[in-house]
Structures are given as C-alpha cells and as structure tokens.
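*Asks:* Okay, here's what each chain looks like letter by letter:
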Amino acid sequence: MADSKSLIALKAIDRTFYLGDSQVYALRNVNLDINPGEYIAVMGPSGSGKSTLLNLLGLLDRPDAGTYQLEGRDVTTLAPDEQAKVRSERIGFIFQSFHLVPRLTAAANIELPLILAGMPAAERTKRVAQALKEYGLVDRAQHRPNELSGGQRQRVAIARATVQRPAVLLADEPTGNLDRVTGEEVVRLLEALNAQGMTLIVVTHDHALGARARRQIKMEDGVIVSDITHMPEQAG
Amino acid sequence: MKIIDTFRYARDAATGTPLRTGLLIIAMSIGVAAVVVLTALGDGARRYVVGEFSAIGSNLVIVLPGRSETRGFNPANLITSTPRDLTLDDATALLRLPGVERIAPILIATTEINASGKLREAMLLGTNSDYIRVRKQKLALGRFLTQEDLGHGAAEVVLGAAIRREIFGTTNPLGKTVRVGDRRLRVIGVLSEGGQGMGMTSDELLIVPVATAQAMLNSNTLFRILVESRSREQIGEVKARVLKMITQRHEGEEDVTVITQDAVLKTFDKILNVLTLGVAGIAAISLAVAGILVMNVMLVSVTQRTAEIGLLKALGATSASVRQLFMVEAVLLSVTGAVVGIALGYLGAAILRDIYPTFPAYPPMWAVLAGLGTALVSGLVFGVMPARHAAQLDPILALAKR
Chain A
13 MADSKSLIAL KAIDRTFYLG DSQVYALRNV NLDINPGEYI AVMGPSGSGK STLLNLLGLL
73 DRPDAGTYQL EGRDVTTLAP DEQAKVRSER IGFIFQSFHL VPRLTAAANI ELPLILAGMP
133 AAERTKRVAQ ALKEYGLVDR AQHRPNELSG GQRQRVAIAR ATVQRPAVLL ADEPTGNLDR
193 VTGEEVVRLL EALNAQGMTL IVVTHDHALG ARARRQIKME DGVIVSDITH MPEQAG
Chain B
7 MKIIDTFRYA RDAATGTPLR TGLLIIAMSI GVAAVVVLTA LGDGARRYVV GEFSAIGSNL
67 VIVLPGRSET RGFNPANLIT STPRDLTLDD ATALLRLPGV ERIAPILIAT TEINASGKLR
127 EAMLLGTNSD YIRVRKQKLA LGRFLTQEDL GHGAAEVVLG AAIRREIFGT TNPLGKTVRV
187 GDRRLRVIGV LSEGGQGMGM TSDELLIVPV ATAQAMLNSN TLFRILVESR SREQIGEVKA
247 RVLKMITQRH EGEEDVTVIT QDAVLKTFDK ILNVLTLGVA GIAAISLAVA GILVMNVMLV
307 SVTQRTAEIG LLKALGATSA SVRQLFMVEA VLLSVTGAVV GIALGYLGAA ILRDIYPTFP
367 AYPPMWAVLA GLGTALVSGL VFGVMPARHA AQLDPILALA KR
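Protein chains in written order, with this note's numbering: chain A, 13 to 248; chain B, 7 to 408.
Chain B side only, calculated, beta carbon under 8 Å to chain A, not exhaustive: (1) D11; (2) A313; (3) A323; (4) S325; (5) P401; (6) I402.
Derived by calculation from the structure, the hints in this document are not laboratory data.
All C-beta atoms in this analysis are idealised placements derived from N, C-alpha and C, irrespective of residue type, glycine included.
So that you can see chain B by itself, here it is in the shape it has in the complex:
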C-alpha cells in the first residue's frame, strides 16, 4: 500500500466520524495551547525582569547600605549596633579604585515641584554628572548636571519628560525657575521620554546635584552607589575592591551589600526559566490526558470498524498495512490537534500582549516545538496499542460481525 494512499484512507476514516474527530482535536489542541500560552507567560516574565534589570545600565556594581546576610557573633556588634550609612566620601573613595570607570551616587526622596502656578508630586533624585552615562539615558533638551566636586551643589535641576510636559506644556523650560520643596532651582535640561529601570520611569524624575538634594533633605546619607566597571571581565574584581574599600572606611565592619547586575540577572534568568519549565510541565499533563484520549478514541474506532478491518484483510491487506492505517490516523489526529493548538496558543499570547502591552508574552520556539513533538509522540505511543489490536483481529470473526 502506498504511503499517500495510507494517509488518504486514514484521513477519510477520521473525517468519516466528524464529531468524534472534532472532539479529539479540541482536546489535543487545548493541551498544546496550554503549553504554548503558559510558556509564553513564563518566558514573558523572564524577559520582562531581565529587560528591567538591563535597563539600569551595563557592567554595574551596586552598593547598598546594610547587610543582607547574617554572620556569626562579632564583638563590634556590641559597640556599634547600627550599620554606618553610605556617604559622599565613600562614593569619592570608590571612584579612585582601579577598574572603576565612573560612579553615580544616588539619593531618592519624594518631593513637590511648583512652577507656573502648577503643583505636582515628583521623585527627587540627587546624583552627579556621570549618572546619565552610567544609566545610559538621553537628554531631550539642554545639558545634564555639570562635572564638579560632589560636595558642591548648584541650584540646578534636570526634568523628566512627563514633568516637563505637565508643567510647561510646549513652552521651552530651559532657564526657567521652578520651586522644588523649599528651594528655587533653575531648569538646565530635560530627559528624553521612556527611560525605564529599577521599577520606575525616569519620566517623573527631578534630577539635582547630590549635595543639593542632601541639603534639601537635611541628610548626609546615600541611598545607593552605582559603580560602573571598565569592562565586563573586571566586574568581579571591582566588586571585591569596592567591598574591601567600604569595609576599611567603615572601621572594619562589612556593613554594606554589594551586588552585581550580572549576578542578579543570572539569578532571575535561572529562577524564571525554572518557573517556565514548571508551568510547561503542568501544561504537559493536559497533553498526556489528550494522548490517552487519542488511545481511547482509536480503540473505540477499532471496535466499531471490526468488519471493515476483516474486509481489508480479505481484500489482501497485510497486518502491517492495517497497523499503519490506524497509526497514521492516530498521528494525523494528534498533529492536527497540535497545529490547531499552536494557532490557539499564539492567539492567546497575542491577546495577552494586547491586554498588557509592557509584558512580552511571546511563546518560546522550544515550547512550540516541544508541544508539537509531544503531540506527535503521544499520537504514536497511544496509537500503537489500538493499531496492534486492529492488526491482530481474526478476519473470520471480524467479518462475521455485522
């Protein structure tokens, strides 16, 4: 029997019972669609988080005040119980370390901006002139903070795009004076729109020199210090040096946490990949259920078509031909279900992206192939038993059935 005829015969047999075939294809396609949509969700979450972290900048070492891990009893704890804060002097010291390209101290607070008769809440970010390069952001208008001694704070401010739009509309804000908190600051620049990172948008920032921010907040501490290493390879050394330097400056107490962006990225990547695999595994259960359904339907089909099988044998079909007919039918049903399921899955992912535009819910290629492969394999595996059953039927008994 020719392969094309086998396929045609199996197809006709499947379409001969439209209801049964339709239900089976729906079951299989739901299984495959579940795999596709859930992996799209998992992989979308991974991409989202990785994208957020990459947007912070590259080759970054981040210094946070306070320890995030516990070590054994340290006599120093008896005397100095609170960790020391990060200071501007710490930041200046870090800049002198080998392998460090530039640093950006960061101080963050909420504040109000008041100008041209409008009042608005905004995030105040105190930093230095290198911030814009460390964070890889762009200016839309004017200039950024000037290079100067960290301790000296000019009365200048760079506006986020949203602030500029809402306070000034289309008029040129450069050179205008705005009131931020209790200070009057001159607008020197505007950030371009769409900067992201660390879970916040740069559109609503007011960027001022770090000393100015400290004076406004009446504080001498820092929220973070961003350290950019000269190259990716040096990140590890820079991290060690930063930690050593801060420890030295803090009288031998290791009271800061230093994280590298790389490590954070890798960790999230790993966690979210495992998560994606997990949900794919859960979805695969529905595929297995669909596979068993294929077997059940094929067994029913063999029983219902006993006379036909007997006839085929009387007409000269070999056992192998009969087996092939039923195997091909099972595989055709599974693969059709899988293809429909992949289409449904892509549709589902597209709807998700439509509802949450910032969430990149694209089904990963491996999941699509795995879904298709699993459907094919389950068709083959669960088709074997019914096909063998059909091939082993005694033609005399099969023909005697009416």
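With the rest of the complex left out, here is chain A:
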C-alpha cells in the first residue's frame, strides 16, 4: 500500500512507556498509509494507543522504532527545531479543551502560529482578518476566551489550527467538551475543511462521530485491529 503519493506513511512503529518497572506498549508494530484528503476516525477504548498515535503524527512524540514519512520525507530523524518547523507549517492541532491562551483575544489566539512562524505583521493581520471572516468570528475578534461560548471557542481553535493552511488536521475529541448541537456544528466545519482537501484525522470515543468518517481505524492495546474504508456515499 505504501506508495510515494501517500501523505503519511508509518512503518513498523513501536512506542513503549515505562511505568515504574512495567512496560506499557502504547503502539506495537503500527503500519499506516494515509493519502491526501482522507477523512479518518481513530477509535478505541482508553489506553488503546490512539492518543499516542495522534501525538506521533503531530511530531509531539517520537517512536522507539519504525519510520514516519510525512509527504515523502522521513520526519522521525529530524532535529527538534526542524520538527517544530514542520508542526508550524504542515500540521494543525485541535484539542478537546480548546487550549486557547486566556489573556489573548480571539484574533490574537488565531495570530499565534503566524507570530511563532515569524511572519511579518502586515501579512498576519490580513490572514487573521480572513480567518475571522471564514469562521464567522468577526464580531468576536476582540473578545477573550472567557467571553466566548464553547462553540465559538472551538471555532477560534480551528481557525488557529488552519490559519497556516496545514496538510493535516489532527483533532483529539474535538466535540468532547461541547453539547450535541454545537458539537454537530464543529464537526460540519471540520468536514467542510476536509471537503476542501485538508486531511482530517479525528480521535474519538464517540461512535456517532466516528461513523461519519469515510475510513475508520479501531485500535486496541497499541495495535490496529480494523481499518475499514467506506465507499464515498451520500451522507444522510
């Protein structure tokens, strides 16, 4: 399956944690190929290794063995600063608890990845204004996170994750802290981004959310137990 066109290619990935003197195999011999534009849900019980997989894909964690190729480039051997650059340019994170900086306004939160990337101020302002418009946050631009609703907060977080136009969007329980209606809104937003070509990988407990993805990966004890791709069909 590993062809040169794939966006992400994991080969024989192992990741082991040590808790006291016992070893915990978070990932065991994981092989995974992901093509550009895929919509993937990673599901499984707690401790199945799905969060470790996501951290690994986001270059926040390093495998103990195996290789990870992102866009044809081996990123496991990169220096920490180069990995930071890859995170900055190619990967967007969305968290269950949003992780907005409380003292910064919505606009400033969205601007953060651009500041860290060292983009000139004029261009940043343009990009942030555009993102605020795209996500319907124009009238909330100067509000701080504690003045925003949960759905608005997650929209700010999504705007922040996508303002650098990454290749992969990694979402860890994106609806976990939201009620059903706002959760639904957020999922539609993510699916719309996927429809525009952004690869979307969602980690979730929620079967209803997982069932919406075209490709569903189930994990148990650090191993991928099933990997099902549904033929594209009209969503109900």
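Chain B: place on chain A using the hints.
*Replies:* Below, chain B alone, put in the same frame as chain A:
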C-alpha cells in the same frame, strides 16, 4: 519568531498577571532605589567633606602645635615634657623658607562685641594681612588688615557679614568704633557673606591683627600657622622644610604636626569612597534578594502556564523561542523594576537635599548604571533556570494539564 513579537508576547504575559508583576517590580525597584539613595548619601558625604576642606584654600600646609604620633623614648622628654608652643617668630621664620608664597598665623578665641548698644558673642580671629589671600576670601566693604610687622598690632577690626548685619543693620560700619572684649577697635572692613571652611562660617568672625589678639588674650602662642606653597608640586618640599625649620627652632624636638591639605583631602576621599562602596554593597543585597524573587515568580509562572507552553510547542514554537519568551519576560520585569527604582532613588535623593540643603546628596552616575546593570544581570541570571525549565517541558504532558 521576530524579536518585537517576542517582546510584545512577554509584555502581555507580564501584564496578564498585574498583581504578581506589580509586586515583583516593587521588590526590584526598592532594591535599586536603596542602591541609588545610599550611594547618594555616601557620595554626598564625600563631596561635603572634600568641599569643606577645599574651602580652606589651596596648596596649603598647616602647622599644628603638638605631636600626633608617638615615637620611641627620647631623652629630651625627661627634661622638657610639654611641647613648645607655636610663636609669631616661628611664623616669621617660615615665611623666609624657599617655596613659601605667604603665611597666615592664626589665633582663635571666643569673645564679645559691643557696639551701638548691642552685645553679641563672636569668634575672634587674630591673623595677618595675607590671611584673606591664603583663605581666598573676599571683602564686601573697606579694606583688610594692613601689611605690617607681625609684632605690631593696630586697633583695627574686619567684621564678618552676619556681625555687621546684626550690629549695624544697613548703616555703613566703616570708621565706627566697636568694643571687643576690653578694647576699642576701629572697623576697617567687612567680609563678604558665605565664606566656609574648617567647620565654621566666616560670617561670625572678628578679624584683628594677630598682635592685637595676643594682647587681648594675654598670650603669645598661635593656634595654627597656614603656609601657602608657591605651587602644588612644591607642597611636599615645603612641608619637609617647614618641619625642619620648626624642629630647629624648637631645640631639635619635633613637637609640631604638619599636615598638607592634599593628604587630608585624599584620605577623606578614600575613606568616604570606601564607605560609599560599602553602603552600595549592603544595598546590593536587596537587589540579589529581588533577583531570587524574579526567579521564584518566573518558576511559578512556568508552572501556571504549562498548558500554554505545550500549546506553543504544538503550534510550532521551537525550544529556543519558548526559552526566549521567558527570558525576555524576566528581563523586562527586572529592567522595569530598575527604572522605577532609579526614579524612586532620585526622588529620595531630592527629598534628602530638600531636608538638608548643605548636603550634596546626588546619586553618582556609576551607582545608577551599576543598579541598572545589576538588575539586568539578575534578570538574565535568575531568568535562565525558569526559561530552561519551560523550554524542556514535554508538550504532551504539558497539553494534558488542564
């Protein structure tokens, strides 16, 4: 990450916790203000003393009766136990020495002046005509004592400015007769106001010829002899010659002390500089304490902002960027504290000068720079550990914290 953005982010992070930031800045500013005010005090003391001594005159060699240092047993001590007094003849002899420009004998006593129905206590100063030039003082009215043989005392007096004002008011005192002690003296001149030196003001002096003073006090001794050397370079030679001459005249016994103004000035300058450094050192302890406080606050800040640091890393911040953010924040806090402290220090010094106008309590520039520098360095040094701590945080664990 651009430097300006680093600064802006660090500033926002600091102002995001106003109480903590405010307390830290107060602590740092108290440390710096202590350095500034205490060095202003020390340096003010130095300037005050140096100024007082310079006001005596320049290139001076001062002869005091009596020895101020002990030497081994001298057979002469068995016969002559008391030191000889300085006399007018000693003074006249000194004037003939090479390198001596002029001399002024000095005899001082307290006395009373009585004129136009008013009585007042005053300092009587017996001296010669060269005194005014040796001490670099000025006349407001009339003339000074005339050049004449030291042994001959005219019944004349030069008044200090305060005496003239209080006895005569605005009327012209020249030519008037005043009663000083049991003598009637004619006023020939008035000193200008504000002469200082040797811890006393010239405003309250009555200056009379030295022979007149000796007659009034029924004494033939002198309090001091001021010797002015021709140049600064000759001070050392003049001092040696003066000592030799007096020893000769006093039958081989070295029973006077000769001090040069230069040496006195240098000694005081040195002592008071050390004193200033000492108090600056004590004040620097409070700066060090403030530095440790900066470190503590930054460590707390790192702990409280763990999730934020994890987020920054997930968003593509390098470890170096994270380290810089926290370093810059520590330095910003320290430097702001230092600037506030310098302002407080200058204010404190200004208040001191207001309370004691004669005391020149100006903070020396080196102390201000040292205070600022120490604050900057302590910000950097004590910021390193928390910043490293932040940069080394594992982003996964940091993000897991809610």
